[in-house]
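One letter stands for each residue in the lines below.
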Amino acid sequence: MESINHWILTIILLTPLAGAILLSLLPERDGSKLHAVSALAITLLTFLFTLHLPSHYNYAASGFQFEQNVSWIASPSIRYHLGVDGLSVWLIVLAGILAPIGVLTSWNTIKSRSKLFYTLFLLQQVAMLGIFVALDLFLYYGFWELSLVPMALLIATFGRTENRRKAAIKFFLFAFIPSALLLVGMIWLYNRTGTFDLPVLTQLAAQHAISPSAHALWWCALAFLVAFAVKVPIFPLHGWLSDAVQEAPTAAVMVLAGKLGLYSILRFSFGIFPDQSHAIAPLLIALGAIGIVYGALLALVQTDLKKLAAFSTLSHVSFIVLGAFSFTVLSLNGSVYQILNESLIGAALFTLLGLLYERYGTYDMRDYGGLATKHPWMVTMFVIMSLAAAGLPLMNGFVGEFLILSGTMHSLVDHHILWCILGTTGVIFGAAYMLTMIQRIFYGSLGRRSTEVAGWDLTSREHLELWPLALLFLIMGVASPYWMKAIDTYATQTMHQPQKLFSSDTKQMETTTYSSSVPVKMPVAASEEVR
Amino acid sequence: MSPNLFALLPEIVLTIAGVLVMVAEPLLPAQSSRKPLGWLAILGTALSAVAAFIQHRAVDAAGAPMMGFYRTIQIDNLSVFFHLLIASIVLVVLLASLDYFEGPVSHAGEYYALLCFGATGMMLMSCSVELLMVFIGLEISSISTYILAGFRKGQATASESALKYFLLGSFATAFTLYGIALAFGATGSTSIAVLATMLHSSNTPLIARLAVAMMLIGMGFKVSAAPFHVWTPDVYQGAPSPVVAMMSTAPKAAVYAVLLRLLFNGAPQLRGEWLVLIQFFAVLSMFIGNLGALLQKDVKRMLAYSSIAHAGYLLTAFASFQQDAVAAACFYTAAYASMNVGAFLVLTQLTGYNENLRTLNDYTGVARKRPLLSALLGFFLLSMIGIPFTAGFFAKFYAFSAALRGGFSWLVILGLLNSGFACFYYLRLLIALYSSPASEIAEPSSTRPSIAATLALAACALATVGLGIMPGRLLHLLQRSAPITLQEQPGNSASLQ
Chain B
0 MESINHWILT
10 IILLTPLAGA
20 ILLSLLPERD
30 GSKLHAVSAL
40 AITLLTFLFT
50 LHLPSHYNYA
60 ASGFQFEQNV
70 SWIASPSIRY
80 HLGVDGLSVW
90 LIVLAGILAP
100 IGVLTSWNTI
110 KSRSKLFYTL
120 FLLQQVAMLG
130 IFVALDLFLY
140 YGFWELSLVP
150 MALLIATFGR
160 TENRRKAAIK
170 FFLFAFIPSA
180 LLLVGMIWLY
190 NRTGTFDLPV
200 LTQLAAQHAI
210 SPSAHALWWC
220 ALAFLVAFAV
230 KVPIFPLHGW
240 LSDAVQEAPT
250 AAVMVLAGKL
260 GLYSILRFSF
270 GIFPDQSHAI
280 APLLIALGAI
290 GIVYGALLAL
300 VQTDLKKLAA
310 FSTLSHVSFI
320 VLGAFSFTVL
330 SLNGSVYQIL
340 NESLIGAALF
350 TLLGLLYERY
360 GTYDMRDYGG
370 LATKHPWMVT
380 MFVIMSLAAA
390 GLPLMNGFVG
400 EFLILSGTMH
410 SLVDHHILWC
420 ILGTTGVIFG
430 AAYMLTMIQR
440 IFYGSLGRRS
450 TEVAGWDLTS
460 REHLELWPLA
470 LLFLIMGVAS
480 PYWMKAIDTY
490 ATQTMHQPQK
500 LFSSDTKQME
510 TTTYSSSVPV
520 KMPVAASEEV
530 R
Chain E
0 MSPNLFALLP
10 EIVLTIAGVL
20 VMVAEPLLPA
30 QSSRKPLGWL
40 AILGTALSAV
50 AAFIQHRAVD
60 AAGAPMMGFY
70 RTIQIDNLSV
80 FFHLLIASIV
90 LVVLLASLDY
100 FEGPVSHAGE
110 YYALLCFGAT
120 GMMLMSCSVE
130 LLMVFIGLEI
140 SSISTYILAG
150 FRKGQATASE
160 SALKYFLLGS
170 FATAFTLYGI
180 ALAFGATGST
190 SIAVLATMLH
200 SSNTPLIARL
210 AVAMMLIGMG
220 FKVSAAPFHV
230 WTPDVYQGAP
240 SPVVAMMSTA
250 PKAAVYAVLL
260 RLLFNGAPQL
270 RGEWLVLIQF
280 FAVLSMFIGN
290 LGALLQKDVK
300 RMLAYSSIAH
310 AGYLLTAFAS
320 FQQDAVAAAC
330 FYTAAYASMN
340 VGAFLVLTQL
350 TGYNENLRTL
360 NDYTGVARKR
370 PLLSALLGFF
380 LLSMIGIPFT
390 AGFFAKFYAF
400 SAALRGGFSW
410 LVILGLLNSG
420 FACFYYLRLL
430 IALYSSPASE
440 IAEPSSTRPS
450 IAATLALAAC
460 ALATVGLGIM
470 PGRLLHLLQR
480 SAPITLQEQP
490 GNSASLQ
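Chains B and E are the protein sequences, given in the same order. The letter at position 89 of the first sequence is residue 88 when you use numbering that gives the first Met the number 0, and the numbering goes up by one with no holes. The letter at position 257 of the second sequence is residue 256 when you use numbering that gives the first Met the number 0, and the numbering goes up by one with no holes.
Treat the hints as calculated values from the structure; they're not laboratory data. Owing to the predicted nature of the structure, the values given are computational and were not obtained by experimental measurement. Watch out, some of these pointers could steer you wrong.
[What the hints assert, rightly or not] Listed next, the in silico PhoX-like pairs over lysine-lysine satisfying Cα-Cα at most 25 Å (straight line): (1) Lys-152(E) - Lys-163(E); (2) Lys-165(B) - Lys-34(E); (3) Lys-110(B) - Lys-165(B); (4) Lys-306(B) - Lys-165(B); (5) Lys-32(B) - Lys-368(E); (6) Lys-368(E) - Lys-296(E); (7) Lys-169(B) - Lys-296(E); (8) Lys-163(E) - Lys-296(E); (9) Lys-368(E) - Lys-110(B); (10) Lys-165(B) - Lys-163(E); (11) Lys-163(E) - Lys-34(E); (12) Lys-32(B) - Lys-110(B); (13) Lys-32(B) - Lys-169(B).
[Stated by the list, open to error] If you only want the chain B side, here are some residues facing chain E, beta carbon under 10 Å, derived: (14) Leu-25; (15) Glu-27; (16) Tyr-56; (17) Ile-72; (18) Phe-137; (19) Tyr-140; (20) Leu-145; (21) Leu-152; (22) Phe-171; (23) Trp-217.
Using N, Cα and C, we set each Cβ at its ideal position, and we do this for glycine too.
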């Protein structure tokens, strides 16, 4: 067992990689499902391996587990250092489960060049998993850049409209140019400290031993933050999102926004630059709150379903930004949890939109209407998904948003209360645009396309990709402690770094809070610990 | 073996191979295949690589550089590295062009001989520590390359290419020669070692500074650094693709070797002056190269501008005056050679002798017809962008870290922003390869690559991956070779950090 625990992360990385190589060698014939079937098998296998992590995770311990740490390149000192902690353990499982769902959604939509599609899709998964497990900054950067290439090619090759090449290049440039600055920051850090190893850097940062020059450290922290913020995207750096979402095939959209950038902020910005992150938090909280409302308002006025989904994504990730930069254990827990929720809900939303497009060939809301009688199962799924997205109690979205908002409220009450209130209105707008969308598609008088095209209700394959998500929404809504016990180790540890004073206190408060989903009077001191 | 002969062993082997090819060419019947001559040249190149390796062993055993021919030739690990690099480039190009010249060309023997002679000149440059010797090597390599550039006789672009390269190249060579003359006037010697001691005195004559500047202009032309880059796009466009693969990498590598010796060994006292010029060249090359490439529709011209940009990235490494700068610059030449030779050899395979694929539009959708070659080209393009786990990434990484350690953060930020712009045009080509074809006019050549060409492509790909995954080995070797080149200059290399 020990050796499995030691190698499991490498195995998780290698399975899709080997799969991608295997797929590229399989012969391609038009109409054959060979590649889809193999990709499904590989992604399911990977998912199975990722499940090993939570089942063998030691919830009592903090710090990294399943570590593998060997020297890779001597000069500069780069290590093959993988590890998992409470932040990443469920994100890896998330990446694991999204992949088979992505393959299933592409089952019929990818008719030609399936070899290229699934090969790129698996490579994309390797990069994503790599980002979540890499603890060496350099290794991480490698996977980070690697994640851009398959995505750009997927958008450029399998995009929906003629605009796809432009969208792909826009996506790539938006992500690549800031990450060039990230690289400068990394090299600068390396020249200062002689290491790329994240745990070492975190330790040095906690001792304020990275650089005597606060000025230079600030620039470095900004380079990191901007690179991540573009990828999230944080308002106002979201210029690429709408185009990329419009073009990208469903399976690629699911992994386009949100988790990679947010994880990187939580892991690297907070880990290496805790002081700077705290100092810049007011700005990010403001941007988060503005992003919530801005995204939701834009989503409200869209007639194009994909654009609506893109702006709803912006609104949802802004919630997470708001929570993360509030720096309370509560809101950090909520943020990490909400990353999972946002990704799953987004996956369901984009899958459902893809199903509509598959049947009716349009994303224009005005062409739909009155579909509820034709597709009873589909409307059920749409309603479940949108209630989860809108944050109905008992659904997963509620837990995340509630923790984020109450955490934000508690943190530094005097400064952030207005932003918190502004952000909370986003919940209302969120429900508004989701329900408006359902009303326009499924109810009212029959639309043009709804009458012209016959359409069909969910097939068994589509049931298979949607039910797991729907069940997860409910389970994660009522049994959140199961996930929280891992996430909480990360949140409490992060909050300890600046000050160790309130450790037992916050821990205790935390366990009662999230499980009951009832706000507990929080000691004011605990929220003051940020400063 | 006499030490003099031993010092020039790789060059001698190559010269013999070239002469044999020349002699054998008329003996073959007019219509018969010229492949045996190609194999002869390949054998000669391989043997010269072996000779360079023997030199490496001898230098390692002796623990000190070996001198020959009245201290004009120096064999140390640096020159061995460049010998091996040049031999590998020429070897790969020879392998890939065996079939390229079958059929349409009846004078392919010249081609093989000229490649051998060119490589001889380049190798001579990389091991000379005397300026006139450098000049002789430069001339041998340049004249061979001028002829090679116009090798597709009968095509207007080829003649333009050769003539332009020849006229501008001679002009640049004249600058170099003038610089050497001035250096002789200033110091009374053309030996780099003497130059260093003579320039030690505090009042350096203006004429010596002028000499270094003149030589920099000549060398800048050869490495196609802006503002001496104007020839590059036209020449690359007109020259045969395998020749471009060679001339965009091997002569440049040789010139970088000379630059390293001249600037770091010969003129460290003038560092304040030449550093300004080098920075100017670097920044200008990056911007002109990348912005120029953005505007290009022709793929070969685009790659020409990209090579200007790469010269700029490489020159940033010179900003640091420490061992790692030498290692970084050498690493860059090797990495750039592996990916650029690879890219041009893929173009050779895709377009054939007639080069019927020219513009970006012609390359649209090629991946459907030639999936493997397209994937390979895509990989080399990614390496040029600088995606991690490829040679191009570590090349830039080492060059920029060297500059950063030298205290030139602004140069690094400019460089990295430039690699941001650069990814646009590489990516445009990459995405075009994988898009649906826009026009059906141009067809990629459908001949399968021969075994030799496959071998050449595989070697480039392996080198690009190898340097991307395990750069440590080569870098370690280079760092070991660097101290011999670099004399300690406590005053100048004072850590800026």
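Evaluation of the interface hint that places Phe-137(B) against chain E, nearest CB under 10 Å: holds, 8 Å
When the least beta-carbon distance from Phe-171(B) to chain E is tested against 10 Å, hint result: Result: holds, 6 Å to nearest chain E Cβ.
25 Å limit on alpha-carbon distance, applied to hinted pair Lys-368(E) and Lys-110(B): holds, 18 Å
Interface hint for Leu-25(B), Cβ within 10 Å of any Cβ on chain E: violated, 13 Å
Satisfaction of hint between Lys-165(B) and Lys-306(B), Cα-Cα up to 25 Å: Given that 25 Å is the threshold and the Cα spacing comes to 17 Å, the pair holds.
Evaluation of the interface hint that places Glu-27(B) against chain E, nearest CB under 10 Å: Holds. Min distance 9 Å.
Chain E contact restraint for Trp-217(B) - C-beta distance below 10 Å: Because about 14 Å separates Trp-217(B) from the closest Cβ in chain E, which is outside the 10 Å limit, the hint is violated.
Pair hint Lys-165(B) and Lys-163(E), alpha-carbon separation not exceeding 25 Å: Distance ~36 Å between Lys-165(B) and Lys-163(E) Cα, so the pair is violated.
Satisfaction of the Tyr-56(B) interface hint, Cβ to chain E closer than 10 Å: Result: violated, 29 Å to nearest chain E Cβ.
Satisfaction of hint between Lys-296(E) and Lys-368(E), Cα-Cα up to 25 Å: Roughly 21 Å separates the two Cα atoms, so the pair holds.
Pairwise hint evaluation, Lys-368(E) against Lys-32(B), where the allowed Cα distance is 25 Å at most: With Cα atoms ~21 Å apart, Lys-32(B) and Lys-368(E) stay inside 25 Å; holds.
Given hint Lys-110(B) paired with Lys-32(B) - CA-CA distance at most 25 Å: holds, 9 Å
In this structure, the earlier hints numbered 2, 10, 11, 13, 14, 16, 23 are contradicted, and the remaining ones agree with it.
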